[in-house]
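Please model the entire structure based on the sequences and the hints provided.
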Amino acid sequence: MKILNELLELKGVSGDESATTQFLYKYVEKQKKIWNVLPKIFFGEDFHDCLLLKFGNPRTAVFAHIDTIGFMSRYDNQLIPVGGPEIIPGTWLVGEDSLGAIRCRLQGDEEGIFHDFPRGIEPGTCLSFEQNIRIGSEFIEGAYLDNRLGVYNALKLCETLENGWVVFSTYEEHGGGSMPFLLKFIQENSPIKQALISDITWVTEGVKHHEGVAISIRDKFIPRRKFLDKIISIAKKSQVQFQLEVENYGGSDGREIQNSPYAIDWCFIGAPEDHVHSPNEKVSLADLNSMIELYKILMEKL
Amino acid sequence: MKILNELLELKGVSGDESATTQFLYKYVEKQKKIWNVLPKIFFGEDFHDCLLLKFGNPRTAVFAHIDTIGFMSRYDNQLIPVGGPEIIPGTWLVGEDSLGAIRCRLQGDEEGIFHDFPRGIEPGTCLSFEQNIRIGSEFIEGAYLDNRLGVYNALKLCETLENGWVVFSTYEEHGGGSMPFLLKFIQENSPIKQALISDITWVTEGVKHHEGVAISIRDKFIPRRKFLDKIISIAKKSQVQFQLEVENYGGSDGREIQNSPYAIDWCFIGAPEDHVHSPNEKVSLADLNSMIELYKILMEKL
Amino acid sequence: MKILNELLELKGVSGDESATTQFLYKYVEKQKKIWNVLPKIFFGEDFHDCLLLKFGNPRTAVFAHIDTIGFMSRYDNQLIPVGGPEIIPGTWLVGEDSLGAIRCRLQGDEEGIFHDFPRGIEPGTCLSFEQNIRIGSEFIEGAYLDNRLGVYNALKLCETLENGWVVFSTYEEHGGGSMPFLLKFIQENSPIKQALISDITWVTEGVKHHEGVAISIRDKFIPRRKFLDKIISIAKKSQVQFQLEVENYGGSDGREIQNSPYAIDWCFIGAPEDHVHSPNEKVSLADLNSMIELYKILMEKL
Numbered sequence: 013m014k015i016l017n018e019l020l021e022l023k024g025v026s027g028d029e030s031a032t033t034q035f036l037y038k039y040v041e042k043q044k045k046i047w048n049v050l051p052k053i054f055f056g057e058d059f060h061d062c063l064l065l066k067f068g069n070p071r072t073a074v075f076a077h078i079d080t081i082g083f084m085s086r087y088d089n090q091l092i093p094v095g096g097p098e099i100i101p102g103t104w105l106v107g108e109d110s111l112g113a114i115r116c117r118l119q120g121d122e123e124g125i126f127h128d129f130p131r132g133i134e135p136g137t138c139l140s141f142e143q144n145i146r147i148g149s150e151f152i153e154g155a156y157l158d159n160r161l162g163v164y165n166a167l168k169l170c171e172t173l174e175n176g177w178v179v180f181s182t183y184e185e186h187g188g189g190s191m192p193f194l195l196k197f198i199q200e201n202s203p204i205k206q207a208l209i210s211d212i213t214w215v216t217e218g219v220k221h222h223e224g225v226a227i228s229i230r231d232k233f234i235p236r237r238k239f240l241d242k243i244i245s246i247a248k249k250s251q252v253q254f255q256l257e258v259e260n261y262g263g264s265d266g267r268e269i270q271n272s273p274y275a276i277d278w279c280f281i282g283a284p285e286d287h288v289h290s291p292n293e294k295v296s297l298a299d300l301n302s303m304i305e306l307y308k309i310l311m312e313k314l
Numbered sequence: 013m014k015i016l017n018e019l020l021e022l023k024g025v026s027g028d029e030s031a032t033t034q035f036l037y038k039y040v041e042k043q044k045k046i047w048n049v050l051p052k053i054f055f056g057e058d059f060h061d062c063l064l065l066k067f068g069n070p071r072t073a074v075f076a077h078i079d080t081i082g083f084m085s086r087y088d089n090q091l092i093p094v095g096g097p098e099i100i101p102g103t104w105l106v107g108e109d110s111l112g113a114i115r116c117r118l119q120g121d122e123e124g125i126f127h128d129f130p131r132g133i134e135p136g137t138c139l140s141f142e143q144n145i146r147i148g149s150e151f152i153e154g155a156y157l158d159n160r161l162g163v164y165n166a167l168k169l170c171e172t173l174e175n176g177w178v179v180f181s182t183y184e185e186h187g188g189g190s191m192p193f194l195l196k197f198i199q200e201n202s203p204i205k206q207a208l209i210s211d212i213t214w215v216t217e218g219v220k221h222h223e224g225v226a227i228s229i230r231d232k233f234i235p236r237r238k239f240l241d242k243i244i245s246i247a248k249k250s251q252v253q254f255q256l257e258v259e260n261y262g263g264s265d266g267r268e269i270q271n272s273p274y275a276i277d278w279c280f281i282g283a284p285e286d287h288v289h290s291p292n293e294k295v296s297l298a299d300l301n302s303m304i305e306l307y308k309i310l311m312e313k314l
Numbered sequence: 013m014k015i016l017n018e019l020l021e022l023k024g025v026s027g028d029e030s031a032t033t034q035f036l037y038k039y040v041e042k043q044k045k046i047w048n049v050l051p052k053i054f055f056g057e058d059f060h061d062c063l064l065l066k067f068g069n070p071r072t073a074v075f076a077h078i079d080t081i082g083f084m085s086r087y088d089n090q091l092i093p094v095g096g097p098e099i100i101p102g103t104w105l106v107g108e109d110s111l112g113a114i115r116c117r118l119q120g121d122e123e124g125i126f127h128d129f130p131r132g133i134e135p136g137t138c139l140s141f142e143q144n145i146r147i148g149s150e151f152i153e154g155a156y157l158d159n160r161l162g163v164y165n166a167l168k169l170c171e172t173l174e175n176g177w178v179v180f181s182t183y184e185e186h187g188g189g190s191m192p193f194l195l196k197f198i199q200e201n202s203p204i205k206q207a208l209i210s211d212i213t214w215v216t217e218g219v220k221h222h223e224g225v226a227i228s229i230r231d232k233f234i235p236r237r238k239f240l241d242k243i244i245s246i247a248k249k250s251q252v253q254f255q256l257e258v259e260n261y262g263g264s265d266g267r268e269i270q271n272s273p274y275a276i277d278w279c280f281i282g283a284p285e286d287h288v289h290s291p292n293e294k295v296s297l298a299d300l301n302s303m304i305e306l307y308k309i310l311m312e313k314l
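Residue numbers (my numbering), protein chains in the order written: chain C, 13 to 314; chain Z, 13 to 314; chain S, 13 to 314.
Mixed in with the good hints, there may be bad ones.
You can't tell identical chains apart in this list, so a pair holds if it fits in one copy or across any two.
[To be verified] With a cut-off of at most 30 Å between alpha-carbon atoms, the simulated BS3-like pairs for lysine-lysine come out as follows:
id, residue 1, residue 2
1, K313, K66
2, K238, K66
3, K42, K52
4, K44, K313
5, K238, K14
6, K205, K23
7, K38, K66
8, K23, K294
9, K238, K196
10, K66, K249
11, K205, K52
12, K23, K44
13, K238, K23
Just so you know, the hints here were simulated from the structure itself, not pulled from any lab data.
This structure is a prediction, so every number in the text was calculated from the model and none was measured.
Here it is as structure tokens:
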């Protein structure tokens, strides 16, 4: 899990993902030689800070967003959120502006967020949760499991994938915006009719640690019933532990597939986490493993 | 009105419209022989659960959404809404899961909705209002007049339509998502510059039963003034009774035309109903008739 | 500044922009002869009420919305907002319906807006703030500086522009809807990778009168960091006074570029105003001048 640790140490608040993409690109270039199938790689300014890998003849695409929630400095010592981070006073934040490295503590609440850095921070500077990874026998804990685990799952999938797109998207935590051009590129080059969203969901009263990867029947948006039935049927026949999620809120890259000008079915499938969007996100290692196993099977059978 | 009764008996909560589309497809296949013009039919997995009919050389498209609001079972005995149904305790709901047919009563309120079915319902199961159609001399009452009447209007139009698209869309009640690919298909095959939304609106202080079909000058979204003027001018010259609607809220498939990458004018035109999104929606039969008459004229003159 | 005065006198509430576009078209037809480069003009029903000018070989597009906020008459003496106008009782409103010219005062508050016109106003009639332009030595004040100043900036740019699109969009104040088809047309005819939003922003605790044009690092949406860095770097090297804006709220035509199916970078750059969306919007003439200067430089260097 060396790569997972490296992914978790990367900073990449929505809008500022270029370093993360550079890292992924280098990793893919190095690792692709030992993967079962050599993917075609799409990368560079035409794709902004996204990265696409095409394996064989795709029927299905997997999307994993690489951006994270965080904060941006405003004027004086004010901060404003990027995406929907938990506002917990005392949380350590890190970043960098032209004057150098920044490490400071978050203060305030939803009404007004501030930092306690002794000097001013240049307006528009991104700050992330300071990382503190803890891996035990049952759980992984730290910041940004959402969605570094989804990215990790996608990279594990690459090792054996024969046919399919693996796509690393940006801006998911803050209103989206890369999915529309990614989908256009995919549909005009090697079109697909099915998509899986490799992302992390919430532990709730109905979705629990250690009960397997969650197949989401709905969040704020509702995938097509026919496609859900197909996925659940494959999952049932597999030996992989899974649970069904039914939520009224939340969204993912799936929203932009739903609203795209292509008839592409989509489903969110991911391990659940506790302490969402905090520095202490917590995921069951068994659930992460189920996620990895189920993606392998689905990408073959769908 | 046999077909209207059959339409009203169909279940088809947003996301689960495939049975409704199958019914419509069979109806169209049977009826098209007696229509004035034989349409070209687009149907099947490439169109998800939508259905498109192309008559002659279209200048204008009519869109009628086939999905309905409803509920979905969550965990324990919880329900969550699909679209925006009225939450009226005691309302009878019906559906089906793998254990068999379901008939139960809604309990709770906007804060938390529950069912009283003796056994658990599988998570993700769709429930609809139990249907109770009442047709009198002046009114039709029942669940899902929105938008079975809009579908009925579109089917009546098919009988004599010479040029135009008639399109049955999905997901309208829950955030949309089929309109973008339907519009792309239309524009790439037989493009149009005008669209009418065949849907049901609200009785308000300014829009009343028995005063004719409503031409909507705006809801949350605003059609282009030039197109509205053209429609109102045609309506005035006709003998059909109509009224003008000006609302601040609400939306329709028109929203997705407005936001589409095509310069297509749109307007919502439909009979008004009382008791919106309840099991007792109520529409004036005279207004429904005005709706049918006005669509015939507009599709010829526009 | 004769043209600016003429622009400010035009009415053009979102949805009803055709007179404004006609005016712009005539102005462009007349003025283009004295511009450095003769643009290709795209205008007419295929573009609804928008207007596009293509100069040379564009790398970047400038978008200026021509619509304004305002009000629409509903039933009885009710008004509903178009966009987000300030509701200030006693404000003079003007418009016209089939019975003639209208001049009346706004009454009520956010809960309910009314007019005091002696006769009824036809439902669906657009009303605008009565114009009262005041130009002093330091400031310009009046209604609709947002976005007549952005349009003025775009027209000034046309005088010397060698390569670039200058685009006049509609509906920006009320949910958008023209940007998607404008972007599609641009990308399919003479594609660009960069866009500047020529619009007016807010005076806040961090953005002040007389401190230069504002380069917006974010509003509700976040442009890509890489593009911001490029713009700020060019601005720093120029002699033009500018300030950086970091806001949590607000949007512009940039939102629709962000969500478009094209990988186009965008940034909002505009002078700040006080008394936003009121009849007394106020902009520093020096800031307006900085805006005009910075656009010239950016369109050359980007």
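Tell me, please, which holds for K238 and K196 at an alpha-carbon limit of 30 Å: within, between, both or neither?
both (24 Å within a copy, 23 Å between copies)
Between the shortest in-copy and the shortest cross-copy C-alpha distance, which are at most 30 Å for K238 and K14: within, between, both, or neither?
between (39 Å within a copy, 29 Å between copies)
State whether the alpha carbon distance between K23 and K44 is at most 30 Å within one copy, between copies, both, or neither.
within (24 Å within a copy, 49 Å between copies)
Measure nothing new, just compare the shortest in-copy and cross-copy C-alpha distances for K42 and K52 to 30 Å and report within, between, both or neither.
within (14 Å within a copy, 48 Å between copies)
Please work out whether the CA atoms of K44 and K313 approach to 30 Å or closer within one copy, between two copies, in both situations, or in neither?
Intra 23 Å, inter 39 Å, cutoff 30 Å: intra-copy only.
Reference check for the pair K205 and K23, CA-CA at most 30 Å: within, between, both, or neither?
Between copies, since 26 Å is at most 30 Å while 33 Å is not.
Checking an output row: K23 and K294, CA cutoff 30 Å. Within, between, both or neither?
Cα proximity of K23 and K294: one copy only (19 Å, versus 40 Å across).
Is the C-alpha distance from K313 to K66 at most 30 Å within one copy, between copies, in both cases, or in neither?
within (18 Å within a copy, 36 Å between copies)
Homo-oligomer pair classification [K52, K205; C-alpha up to 30 Å]
both (19 Å within a copy, 24 Å between copies)
Tell me, please, which holds for K66 and K249 at an alpha-carbon limit of 30 Å: within, between, both or neither?
within (27 Å within a copy, 42 Å between copies)
Go through the copies and call it for K38 and K66: within, between, both or neither, with a Cα cutoff of 30 Å.
within (16 Å within a copy, 40 Å between copies)
Homo-oligomer pair classification [K23, K238; C-alpha up to 30 Å]:
For K238 and K23, the Cα distance is within 30 Å only across copies (15 Å; inside one copy 38 Å).
The structure shown violates none of the earlier numbered hints.
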